[in-house]
Amino acid sequence: MQKPALPIVIIGDVDHGKSTLIGRLLYDTGSLPADKIKEIKEASKNLGKKPELAHLLDCLEEERKKGATIDTTQVFFKINNAEYIIIDAPGHVEFLKNMITGASQAKAAIIIIAADEGIKEQTKRHAAIILLLGIDSVIAAINKMDLVNFSQEKYNGLKEEAITALSRIQIKPLLFIPISALKGDNALKRSKNMPWHKGATISEALNLLQKKSSQRKQTLIFPIQDIYTINKKKIAVGKIESGSLTKGQTLIALPDKKTIKVRSIAKFGKKRHNAGEGESIGIITGGAIEPKRGDILSQTNEYPEITISFRATIFWMSEDSYLKNNALLIHCATQQANCKITKIHRRIDSATMQTLGENAEKINHAEIAEVTIETQNAIAACAFKNIPAIGRFVLTHEKNILSGGIITDIDKNKAG
Amino acid sequence: MDRLSKLENDSIYIIREAYYQFKDTAALWSIGKDSTTLLWLIRKAFFGEIPFPVIHIDTTYKFKEIYEFREKYAKKWRLKLLVCKNQTALDNGVCPKNGKLNCCSELKTNTLKQAVKRCGLRALYLGIRRDEHGIRAKERFFSPRNKNFDWNYKSQPPELWNQYAAKAENEEHMRIHPLLSWNEIDVWRYIRREKIPVVRLYLASKGRRYRSIGCAPCCAPVKSGAGTIDKIIEELQKSKISERGGRAQDKESAYMMQKLRSLGYM
Numbered sequence: 000m001q002k003p004a005l006p007i008v009i010i011g012d013v014d015h016g017k018s019t020l021i022g023r024l025l026y027d028t029g030s031l032p033a034d035k036i037k038e039i040k041e042a043s044k045n046l047g048k049k050p051e052l053a054h055l056l057d058c059l060e061e062e063r064k065k066g067a068t069i070d071t072t073q074v075f076f077k078i079n080n081a082e083y084i085i086i087d088a089p090g091h092v093e094f095l096k097n098m099i100t101g102a103s104q105a106k107a108a109i110i111i112i113a114a115d116e117g118i119k120e121q122t123k124r125h126a127a128i129i130l131l132l133g134i135d136s137v138i139a140a141i142n143k144m145d146l147v148n149f150s151q152e153k154y155n156g157l158k159e160e161a162i163t164a165l166s167r168i169q170i171k172p173l174l175f176i177p178i179s180a181l182k183g184d185n186a187l188k189r190s191k192n193m194p195w196h197k198g199a200t201i202s203e204a205l206n207l208l209q210k211k212s213s214q215r216k217q218t219l220i221f222p223i224q225d226i227y228t229i230n231k232k233k234i235a236v237g238k239i240e241s242g243s244l245t246k247g248q249t250l251i252a253l254p255d256k257k258t259i260k261v262r263s264i265a266k267f268g269k270k271r272h273n274a275g276e277g278e279s280i281g282i283i284t285g286g287a288i289e290p291k292r293g294d295i296l297s298q299t300n301e302y303p304e305i306t307i308s309f310r311a312t313i314f315w316m317s318e319d320s321y322l323k324n325n326a327l328l329i330h331c332a333t334q335q336a337n338c339k340i341t342k343i344h345r346r347i348d349s350a351t352m353q354t355l356g357e358n359a360e361k362i363n364h365a366e367i368a369e370v371t372i373e374t375q376n377a378i379a380a381c382a383f384k385n386i387p388a389i390g391r392f393v394l395t396h397e398k399n400i401l402s403g404g405i406i407t408d409i410d411k412n413k414a415g
Numbered sequence: 000m001d002r003l004s005k006l007e008n009d010s011i012y013i014i015r016e017a018y019y020q021f022k023d024t025a026a027l028w029s030i031g032k033d034s035t036t037l038l039w040l041i042r043k044a045f046f047g048e049i050p051f052p053v054i055h056i057d058t059t060y061k062f063k064e065i066y067e068f069r070e071k072y073a074k075k076w077r078l079k080l081l082v083c084k085n086q087t088a089l090d091n092g093v094c095p096k097n098g099k100l101n102c103c104s105e106l107k108t109n110t111l112k113q114a115v116k117r118c119g120l121r122a123l124y125l126g127i128r129r130d131e132h133g134i135r136a137k138e139r140f141f142s143p144r145n146k147n148f149d150w151n152y153k154s155q156p157p158e159l160w161n162q163y164a165a166k167a168e169n170e171e172h173m174r175i176h177p178l179l180s181w182n183e184i185d186v187w188r189y190i191r192r193e194k195i196p197v198v199r200l201y202l203a204s205k206g207r208r209y210r211s212i213g214c215a216p217c218c219a220p221v222k223s224g225a226g227t228i229d230k231i232i233e234e235l236q237k238s239k240i241s242e243r244g245g246r247a248q249d250k251e252s253a254y255m256m257q258k259l260r261s262l263g264y265m
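Chains as they are written, first to last, in numbering that gives the first Met the number 0: chain U, 0 to 415; chain D, 0 to 265.
To be clear, the hints were calculated from the coordinates, so they are not data collected in a lab.
Watch out, some of these pointers could steer you wrong.
To be verified - In silico negatives: residues of chain D with every beta carbon more than 10 Å from chain U: (1) 5; (2) 23; (3) 71; (4) 78; (5) 81; (6) 156.
Said to hold, decoys possible - Heads up, simulated SDA-like pairs for lysine to any residue below, C-alpha to C-alpha not over 20 Å straight-line: (7) U:77 with D:136; (8) U:233 with D:48; (9) D:230 with D:193; (10) D:237 with U:232; (11) U:266 with D:230; (12) U:210 with D:42; (13) U:231 with D:42; (14) U:384 with D:161; (15) D:22 with U:293; (16) U:266 with D:39; (17) D:5 with U:273; (18) U:323 with U:273; (19) U:106 with D:49; (20) U:266 with D:5; (21) U:266 with D:48; (22) U:257 with U:269; (23) U:233 with D:49; (24) U:269 with D:49; (25) D:237 with U:80; (26) U:232 with D:49.
Claimed, not checked - A few chain U residues facing chain D, derived, Cβ under 8 Å: (27) 73; (28) 99; (29) 238.
Don't be surprised by glycine CBs; every beta carbon is placed ideally from N, CA and C.
In isolation and in its complexed conformation, chain D is listed as follows (with noise of 0.2 Å):
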């Protein structure tokens, strides 16, 4: 079996295993190519139709584009989506502009927990890889968080095998991450064999394309000439900088990614 079979077929195995642990669950979209990598594993897991909640986590800050592509492929998947923004916050005037930790913890985490608890829900399926960044390299497949989001990366569960802890008490969800295994390289190439449609940010136009999409004033694009899959791959496979190397919150200190997701930053 090849690579990307290997990891296509594991995906699937941990998608309906976690699912047949935790009804109550919802797929985190971002829009981005991982998330919409893992719709499509999770389409496949289950036939076509996916049996639960897709929540997008809405900043109001997101790319046109990335609005556009949500509204299409909602519809076409037959999506049961729920959009989600922190309105209170919004109006209270939290922006990037006056300060980009608060910013996301704001508008995403707190948006996410207010989500996670209007819907009472026990586990969500996360579209992060280890190779994105050291600390999500520490990730296990089933990863409790408490009801304050916080992730005890000092004392995680052990995961034998493929024998996963399925602890979630009262207050508490499990993170699913069925992509854990994969690289960037191999989301591209499972994408171009499978024909998933992106987000065109991720082509470039004028010389410049994103490499990672999220929020319009913190995301800023790489100088490429990759206006095809084709050509993504091969640049990637010439790169000399990291993948999130346009994001912001990954660099405003050497440990606010850390900080961020240990606070439940997704």
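Looking at chain U on its own, in the form it has when it is part of the complex (with noise of 0.2 Å):
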């Protein structure tokens, strides 16, 4: 059977060559038709450049025109049969909500730091991003080693350098790897000029972090979207985000705790007895009470905690600084609550990760911050690092997404 694509961000400096490594991992797969290649050459024959690989996803007018990427992209390619998504993430800070939309949906993340600049301030930021969204599988590239003269002593300069500022803010890669996306050296195939790297390449690290995606908990969260009427019989559907679920079992529905049973489990006409993680279903229920939109289904004997406080890590994507207090909506799973932050305990620049302010009033564009979230009405929640589905939420006002967070901490004293 075959796996769904593991999906990859790759981040690092405006010019360290991002969209350039995914370019040449296209390039060298063999994964552009030929029409797209002439597309380029001419496109780049007409800003009075030469082709650029990275103009295979810079495709707005502008970013060829800048030679930089202004909004994510993703593209697909396999190596060996086992299929990859990369996300193509920008670099430049104004558009940092972008980088997250894409980061958002990645498994893993390769950093990429240029040979000839080494770490910047940008790299750390985006480092510091893909942790607070829980991707915990990184690996490190130093590219333009052509830049360096493919010295080895460079690189190991480099990479202690990394070591020390990725390990300030908790990132340890799993690997480093001296490649040049340019000239193709240490992407898909080994380097000629680089003898003295032992280690693995680009391809073999992509093949080690597939083989390395995780397994999630099995704890059943099944958030409810919606709720149909067809052939007057009302169908709660919605999409299984881990666990399984039974014809004839009985769940709890949260956050009130009522009990319900699964009358029937229907999946497009289809009749069926059970199913599992991922599966976009509806159920016909009977019980105590008929499940709404927000309602949380989880097992009875073992189920997420309900509360009205907890601590969490948020980003700031607003332009917008926020004022502690002000009202909020929190977006979790399906959930759906008025939520203020009632404590900024720390405000942190996302670049170092050094310290800005300890009990603070506001919050600013671009900064972390460890705040305590409370909200009007109980929701189901979880530590981020224990069930992902209902431990990650999205603040917003007035239907704009301002921020996003994991929940670190459940105030155990406010369960609701």
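Two chains, two frames, a set of hints: combine them into the complex.
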């Protein structure tokens, strides 16, 4: 059976070669149609530039003229039958929300560091964000080795520097790889210019990430999306985020903690006996209550906590600052509740991870913050590391997504 | 879970999420393989019956096989079909011969604008995919358009995990893209697995077939001996020419697709 493709985000500073590496992988794996190559050549000629691998992805006119990525892109390719989706994310700070949009879909990351510049602020900021998004499978590539004469000494120096800088933000790459995306060294093919590198190539590292992509927890989390009336029967629909359910099983509906019984499972008209993780299904229920949008169905013997207060780490994407206690709406799985941030324990510079202030009154654009969030009504929630589906959330105001974050601790004294 | 099942389940999640947020909605059906696959997924999401209208933007220049297919399956799937034309533009002689960009924008974009306004639509389901064109790879699952259909690709709302922005102001509508993560070959494999009917122009006849279908004057067939879905899949595994290679509007200038899209083209 064909495995779903592994989504990987590539992060790094402006002009460190993210798009070039992706172009290189597409080119070397033969994933590029001939007419696309021709189109790139013509577009480059019109701009008076040499054809660039990066142009394969930077297809907005502004992106090619400036030579920089503006919005996130996804491309798909195969190496030895394993499939990958590579997410290219913009490096510029003003496109942070586009970077986060791309990175939130990833399960692993490649950090690119240009050999002639070393690790930069923006690289650290991106690394901090992917850690916040819960991505812990990371590999680091030192790019543009051709600009430093493929020097092993230079590489070792840069690697040490990167290890120190990344460890300050709690990131430990699984592997370091010296590459030249432009020339193709150690991307798909082993470099002849760097015989001293005995470790993995990018292609071998991708294979490792594919194998490492982890298994999730088995607690049943079935968030209800909607209720449809089909042939006069009410069907509660949603996608099972984790675990499984069986016809006849008694479930608990959160946050009300009422039990309901699964009378039948409907999937696209077919009757099913059971359903598992990742399946979009419908169920017909009996019991004390009828499920509604926002309910989280779980097992009666093991279910997540109900709370009106928790600690979280958030990143503030909106350009407008947030003032403590201002009204927000939290969206966690299909749950929605009025809420406010009642404490800003720590404001953090997302580039250096240094503390900007404690017990603060406001949070500014592109800052990370450790906060306490209080909701008006109880919700089912969990620390992200235990159950990702109800451990991550976005905060909105007037239907704009202002911030995203992950739950670090549930406040046990304020259980709902 | 295998790749096709994951794509199917994720698309159904997006379709249901959009319908929860927007009830004044419709699906665009070009009658091509992608939007037919989209209808298939929408039917599954709602257990067989699509609860909103299905719009065909009819330039009147479509292949006759497309019209035949439309009539047959609109009836079979009990679709609330709305056929929309820009009669004024047609009467004024707009046609591919008198300028392709103008023809696309009058007969497709403006027809759709009129339909959105007339029906008061707040959301539209479209079967576009990221791998079709570089510019489409920049799309979001939920992508807002203003009243002029402008796509503000420089400042799109963030989309995290499976949380989608639902902002559509008075004069705006949301484009919903449930097939964004699918590739051309996924669509064909899914068509094979589900036995979804497709217009027969996709299948080779006399050594040629269409990989992408739209208006007859602007679509060119490719050389192909693929007369069955199996053969198409086999052919795509080896192909070095991109899917829209036969589509004129992608070629006139390098950024024509970007311009068309930012003007509201599908």
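query: Can the restraint linking residue 232 of chain U and residue 49 of chain D be considered satisfied, given a maximum Cα separation of 20 Å?
result: holds (17 Å)
query: When you check the alpha-carbon spacing of residue 237 of chain D and residue 80 of chain U, does it fall within 20 Å?
result: holds (14 Å)
query: Straight-line Cα separation of residue 384 of chain U and residue 161 of chain D no greater than 20 Å?
result: holds (18 Å)
- request: Verify the proposed pairing of residue 237 of chain D with residue 232 of chain U, using a straight-line Cα cut of 20 Å.
  value: Cα-Cα ~48 Å, so violated.
message: Tell me if the straight-line CA distance from residue 269 of chain U to residue 49 of chain D falls inside 20 Å.
response: holds (17 Å)
message: A cut-off of 10 Å on Cβ-Cβ distance, and residue 23 of chain D was said to be off the interface with chain U. Does that hold?
response: holds (16 Å)
- prompt: Is residue 230 of chain D close enough to residue 193 of chain D, meaning Cα to Cα at most 20 Å?
  reply: holds (16 Å)
Hinted pair residue 257 of chain U and residue 269 of chain U, Cα distance within 20 Å: The hint is violated at about 28 Å.
field: Whether residue 78 of chain D stays farther than 10 Å from all C-beta atoms of chain U, as the label says
entry: Since the minimum Cβ distance to chain U is about 17 Å, residue 78 of chain D lies beyond 10 Å and the statement holds.
field: Restraint status (C-alpha distance of residue 22 of chain D to residue 293 of chain U at most 20 Å)
entry: Holds - the C-alpha atoms of residue 293 of chain U and residue 22 of chain D are around 18 Å apart, at most 20 Å.
- prompt: Taking 20 Å as the top limit, are the C-alpha atoms of residue 266 of chain U and residue 230 of chain D close enough?
  reply: Violated, because 30 Å separates the two Cα atoms, which is more than 20 Å.
Beyond 10 Å from each Cβ of chain U, as asserted for residue 71 of chain D: At about 21 Å from chain U, residue 71 of chain D clears the 10 Å cut-off, so the statement holds.
In this structure, the earlier hints numbered 1, 6, 10, 11, 12, 18, 19, 22 are contradicted, and the remaining ones agree with it.
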